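Starting from the given sequences, assemble the full structure and let the hints guide the process.
There are 4 protein chains.
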Amino acid sequence: MINVAVVGGTGYTGYELIRLVLAHPQTSLVAVTSRAELGIPLSTIFPALLNQTSLCFAEPTPKTLEKADIVFFATPHGIAMKQAPELLANGQRVIDLSADFRIQNAPLWEQTYNMPHTSVDWLQKAVYGLPEHRREAIAKAQLVANPGCYPTAVQLALLPFIIKKLVNPQHIIADVKSGISGAGRQANIGLLYCEVNENVHAYKLDGHRHAAEISQELSLMNSNIMPHLTFVPHLMPMSRGILATVYINPIEYALSLANMHKELVNFYKDEPFVAVLPAGQSPKTRDVRGTNFCQLSISQPAGEKGPWVVVSAIDNLLKGAASQAIQNMNVMFGWKETQGLEHLAVLP
Amino acid sequence: MINVAVVGGTGYTGYELIRLVLAHPQTSLVAVTSRAELGIPLSTIFPALLNQTSLCFAEPTPKTLEKADIVFFATPHGIAMKQAPELLANGQRVIDLSADFRIQNAPLWEQTYNMPHTSVDWLQKAVYGLPEHRREAIAKAQLVANPGCYPTAVQLALLPFIIKKLVNPQHIIADVKSGISGAGRQANIGLLYCEVNENVHAYKLDGHRHAAEISQELSLMNSNIMPHLTFVPHLMPMSRGILATVYINPIEYALSLANMHKELVNFYKDEPFVAVLPAGQSPKTRDVRGTNFCQLSISQPAGEKGPWVVVSAIDNLLKGAASQAIQNMNVMFGWKETQGLEHLAVLP
Amino acid sequence: MINVAVVGGTGYTGYELIRLVLAHPQTSLVAVTSRAELGIPLSTIFPALLNQTSLCFAEPTPKTLEKADIVFFATPHGIAMKQAPELLANGQRVIDLSADFRIQNAPLWEQTYNMPHTSVDWLQKAVYGLPEHRREAIAKAQLVANPGCYPTAVQLALLPFIIKKLVNPQHIIADVKSGISGAGRQANIGLLYCEVNENVHAYKLDGHRHAAEISQELSLMNSNIMPHLTFVPHLMPMSRGILATVYINPIEYALSLANMHKELVNFYKDEPFVAVLPAGQSPKTRDVRGTNFCQLSISQPAGEKGPWVVVSAIDNLLKGAASQAIQNMNVMFGWKETQGLEHLAVLP
Amino acid sequence: MINVAVVGGTGYTGYELIRLVLAHPQTSLVAVTSRAELGIPLSTIFPALLNQTSLCFAEPTPKTLEKADIVFFATPHGIAMKQAPELLANGQRVIDLSADFRIQNAPLWEQTYNMPHTSVDWLQKAVYGLPEHRREAIAKAQLVANPGCYPTAVQLALLPFIIKKLVNPQHIIADVKSGISGAGRQANIGLLYCEVNENVHAYKLDGHRHAAEISQELSLMNSNIMPHLTFVPHLMPMSRGILATVYINPIEYALSLANMHKELVNFYKDEPFVAVLPAGQSPKTRDVRGTNFCQLSISQPAGEKGPWVVVSAIDNLLKGAASQAIQNMNVMFGWKETQGLEHLAVLP
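Chains as they are written, first to last, in the working numbering: chain W, 406 to 753; chain F, 406 to 753; chain C, 406 to 753; chain R, 406 to 753.
Simulated from the structure, these hints should not be mistaken for lab results.
Note that the coordinates shown come from a computational prediction; the quantities given were computed from them, not determined experimentally.
One thing to keep in mind: the hints can contain errors.
No distinction is drawn between identical chains; accordingly, a pair holds when it is met within one copy or between any pair of copies.
Unchecked claim - For lysine-lysine, the following DSBU-like pairs were computed, each having C-alpha atoms within a straight-line distance of at most 35 Å: (1) 472 <-> 674; (2) 741 <-> 609; (3) 530 <-> 710; (4) 570 <-> 609.
Have a look at this one:
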């Protein structure tokens with residue numbers, strides 16, 4: 406059993422981490438922090454935890470966290486880069502679910518997040534935690550930058566085709582639909598039930614921060630050639646789930662749709678958490694809801710000379726955040742990668 | 406006062422037509438037909454109509470319809486092409502909300518809808534009823550083919566740019582999100598609350614019938630040059646509304662985003678039902694819910710050399726069906742075009 | 406045309422008032438106030454109003470409001486009792502949609518709302534605005550206290566039976582289900598989409614303020630005999646609508662269910678906005694959504710010796726707030742009571 | 406490992422049984438039947454099962470089921486009473502999730518379900534499977550009648566008070582709110598998204614079948630004294646969850662609310678799946694969603710002389726169906742009762 410702490414435990418990702426760590430066969434939850442709810446039992450904020458843990462929210466100090474072998478940060482960006490270095494210096498491992506260590510180029514990070522980066526050395530050492538792309542590096546990492554939710558969905562759609570150079574990286578369009586929990590558990594008029602319900606809209610039409618993260622990783626898949634990506638996020642009237650509809654153009658039209666489907670299947674055949682649907686089907690977010698799975702399809706709706714369309718579905722709070730962090734922990738500790746993550750979707 | 410009949414009054418579009426005709430200052434509702442609910446009061450099927458009309462569902466015979474000056478068909482495709490010709494021969498006017506008269510090329514219609522067309526002569530004479538594009542022809546028409554919901558949203562996004570030849574019609578991607586009412590009021594497992602709720606997915610990834618309708622109209626806007634359109638529809642967990650996110654590439658990058666926005670504003674400045682949002686905002690389906698309005702925006706999320714993104718929001722059952730039919734009726738009878746259609750969105 | 410102002414125009418009730426006043430044939434909207442959004446166009450906060458009004462939010466000063474013949478307060482409680490007296494002294498009429506003038510007994514008001522009442526004289530003069538009970542007094546009123554949403558639904562269920570003394574007022578249970586918009590448009594964690602969606606719960610189980618308001622009015626229907634009412638509100642995962650399930654016991658079991666249904670039908674037969682469903686049917690909130698209607702049913706689920714169950718459905722923001730205020734205005738000005746309120750439900 | 410079969414595996418309860426059996430440490434899923442989907446892989450109907458099982462739907466014959474040590478029936482009523490006797494005669498165990506064996510009085514069963522009962526002898530031998538009430542009998546049973554969803558929620562609210570004779574059983578009102586999945590996965594207009602969304606209504610106002618089941622069990626808790634129960638079910642716009650608001654009157658007002666709360670806490674203190682909230686809180690359906698838990702509260706909203714209100718929340722498909730069946734299986738096989746059922750709610 407190793408000891409786990411969660412910094413920032415009152416949000417949706419925080420709750421999911423707590424739930425997964427409590428159920429994981431090799432972890433013990435030793436601390437969950439929150440400045441706002443200091444001293445309050447976890448089960449007061451989350452009655453779903455009634456009788457399941459007697460922990461109270463603690464202060465996010467090194468003292469609180471010193472018993473932890475690994476610390477998860479489920480905080481807004483700008484926190485982990487300040488608090489993680491001391492833990493790392495103590496030899497503790499850290500998985501940061503915020504954006505603080507995702508973009509390795511410090512000036513680009515600072516421009517994207519509009520603040521100075523206070524831990525540039527660790528920015529270089531951090532490993533970007535998409536296991537399907539970087540499993541070996543993650544296994545050796547002390548600090549893992551857990552991917553964003555949109556970047557996870559988009560990268561899993563593109564990874565096989567970029568790596569195998571089947572796709573022109575200059576014309577990628579990712580039209581992405583997210584449930585509202587991606588925006589977090591914060592008191593904000595735009596997130597009210599009455600504002601979200603029966604409503605669909607695009608946002609960040611002048612550019613979303615996740616585009617930089619996706620582009621960095623796509624270039625790493627492709628001999629450092631920077632892609633040209635158009636990324637448009639949309640909010641859906643649902644709590645959870647991301648559906649990414651990714652439009653790509655082949656390098657040449659040599660491959661048929663059937664062959665592209667085969668490429669996709671083969672690429673992921675040993676991945677425990679990525680499933681390619683049979684030809685003719687396409688993924689639904691609810692089939693991966695509450696799980697660490699990604700489901701994928703490929704098609705060509707405008708016929709042989711039209712773009713290929715790869716559709717990718719994940720749970721934004723799990724494969725897009727908390728359960729991918731657990732998967733990374735499993736890899737970092739050399740455990741069975743699926744441990745504590747076998748849940749299937751609760752339907753409907 | 407003119408007399409109106411509705412053929413096929415038990416679906417969602419049928420109800421909306423009934424509601425709009427009952428409230429319209431120049432129309433009297435004389436018959437609503439349904440074979441399945443023959444003789445049943447409208448208010449039994451739709452308790453919202455309690456005390457508002459004493460009509461019962463009638464048989465869709467010429468006898469039932471003979472008092473009507475204009476007949477709306479809110480039926481599945483394949484019905485209006487059989488029943489409308491007799492009414493038209495009597496001099497009655499017809500607005501068909503189904504697909505029967507939308508594609509003028511008969512072989513293409515038959516291939517798209519996979520059945521023989523039984524009224525090819527009227528197919529030629531029908532006018533496609535998008536008032537913003539074809540107002541003058543509609544004013545003289547006896548038979549109007551009311552546009553599909555997706556085609557209305559996509560065409561209003563593209564109309565100014567295609568007509569002014571600002572856009573390359575060879576690379577258009579329309580990623581479209583619809584509420585579930587577009588699939589109609591039919592007993593079908595896939596439309597159950599438990600299947601739709603908390604779920605987003607793409608469908609018809611091998612090609613949707615509306616692509617042919619959109620392509621025909623885009624070519625008519627553009628000296629008969631056929632566009633190349635990739636059209637991917639998605640279902641959203643909501644009852645009503647369509648959001649079309651349309652990705653287009655300019656003929657050349659001479660125009661700035663600010664100028665493109667100006668083009669859009671100017672093009673629609675006299676249209677009563679099309680509103681362009683101020684630069685920097687983008688439309689939400691709920692702001693047009695329950696109305697005949699379309700709201701539009703334009704942006705360029707991947708920067709100056711990336712595609713333009715036009716977002717279009719309509720109510721699929723109103724501007725995408727019933728209220729656009731009323732708008733067409735207003736044009737056909739020479740009435741004020743906004744009559745009976747002034748409702749603003751009921752929020753939230 | 407009379408001039409109308411709305412104080413507190415950024416909430417959901419405020420928007421609905423704006424929408425109804427803009428469409429009303431005899432009113433002109435001259436001012437909408439909001440301290441928070443001072444100077445901002447209404448259409449910036451509510452893009453559904455784009456091109457429909459050029460008004461901007463103004464300060465809630467007597468100067469701003471002096472042109473108004475009637476002022477609607479759509480503010481939290483505690484505001485109208487401070488601002489209305491000056492307007493009333495000028496001879497302007499006021500309809501207060503908050504709770505400030507609903508409970509005539511000042512000490513009871515102060516205990517219920519936990520603040521001193523600053524306008525006790527107007528508290529006595531205010532008329533409680535449930536037209537189905539108090540139409541004549543409303544017609545002569547200068548100040549109308551618009552009923553709460555729950556009280557409207559519960560009183561319309563009980564009015565015929567209490568007035569005709571068919572029911573024992575000592576054992577009334579009102580189990581009431583409300584859409585979330587009743588809680589207003591405020592940044593509050595508990596109102597987030599992710600907190601409300603797929604969730605049902607009771608609240609205020611130690612007593613809700615509306616119980617005092619309902620009890621006062623029931624006693625006025627019944628020779629001042631105070632009823633004993635158990636009132637339990639619940640929140641539903643939907644934006645709008647109230648369903649009140651009211652359990653009552655007869656004075657004696659002389660009347661059959663069929664007769665009770667007849668009593669209900671007869672009592673409301675001339676009311677334009679109350680509809681009693683045929684025996685065997687019961688109301689659905691969506692059939693009154695977006696309207697000023699109330700639909701009612703009566704039944705006896707546990708058999709002849711069990712309680713009667715009256716079910717009442719209204720739109721909480723309309724018959725439960727904004728459109729009932731318009732109905733009261735129509736009565737106060739001697740206009741046709743249904744004017745500007747004829748909308749039927751937009752379905753689905 | 407014991408072998409498990411599920412008869413009727415295409416509904417929502419069927420899927421949940423499959424999911425729970427696949428994850429249970431002591432069970433192996435050997436057959437899932439469906440006449441309609443014969444030969445089709447489970448993962449075609451439920452893509453959430455992709456790569457998790459290679460089973461196909463089989464015919465519900467004794468041959469198919471002979472390998473099973475225990476068979477779950479997730480079928481409409483009328484099936485299990487015909488098919489279970491042969492399995493039981495073979496010595497197999499059966500848990501019937503339908504209503505076939507819930508009401509022990511055969512004439513009452515036949516009147517309630519309006520068909521002859523074909524297995525009256527097994528009706529007598531069946532044990533009603535509410536572990537909190539009948540754990541010892543379940544442990545010895547060969548045939549368990551799994552309780553209905555509403556009856557589970559209502560009985561857990563009443564059990565302590567009826568058994569301890571604190572409550573007058575002659576005046577019980579249960580106002581119950583259910584998610585729509587309780588109505589099953591069937592093609593039915595009333596269950597469509599567009600009919601359910603933004604809509605709340607009561608149903609079966611002339612009496613619901615579950616009232617007989619609840620009354621039987623309440624009488625068994627109370628020296629066979631039949632209660633007088635008014636039971637009104639409502640449908641909510643959500644997929645899952647039941648909230649029961651139960652109004653009860655004390656035998657005498659000797660006990661304070663604080664004492665009643667203590668009674669409730671003490672009664673359930675050793676139950677692994679029933680949690681009583683701290684005084685002042687009340688349960689939300691989402692906190693038990695996806696779990697086998699029931700959460701409870703007690704309050705007295707109309708003051709000391711008013712009725713007590715017990716609120717009970719369960720997941721209708723789990724504690725109200727599939728996971729309670731697994732709990733019963735655990736009891737029948739003498740396993741740890743919580744095995745395979747430890748999941749906490751996935752939030753939000």
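Each hint tested on the structure:
1. 472 <-> 674: between (39 Å within a copy, 32 Å between copies)
2. 741 <-> 609: neither (39 Å within a copy, 38 Å between copies)
3. 530 <-> 710: between (43 Å within a copy, 34 Å between copies)
4. 570 <-> 609: both (30 Å within a copy, 27 Å between copies)
Consistency note: the structure conflicts with earlier hint 2 alone.
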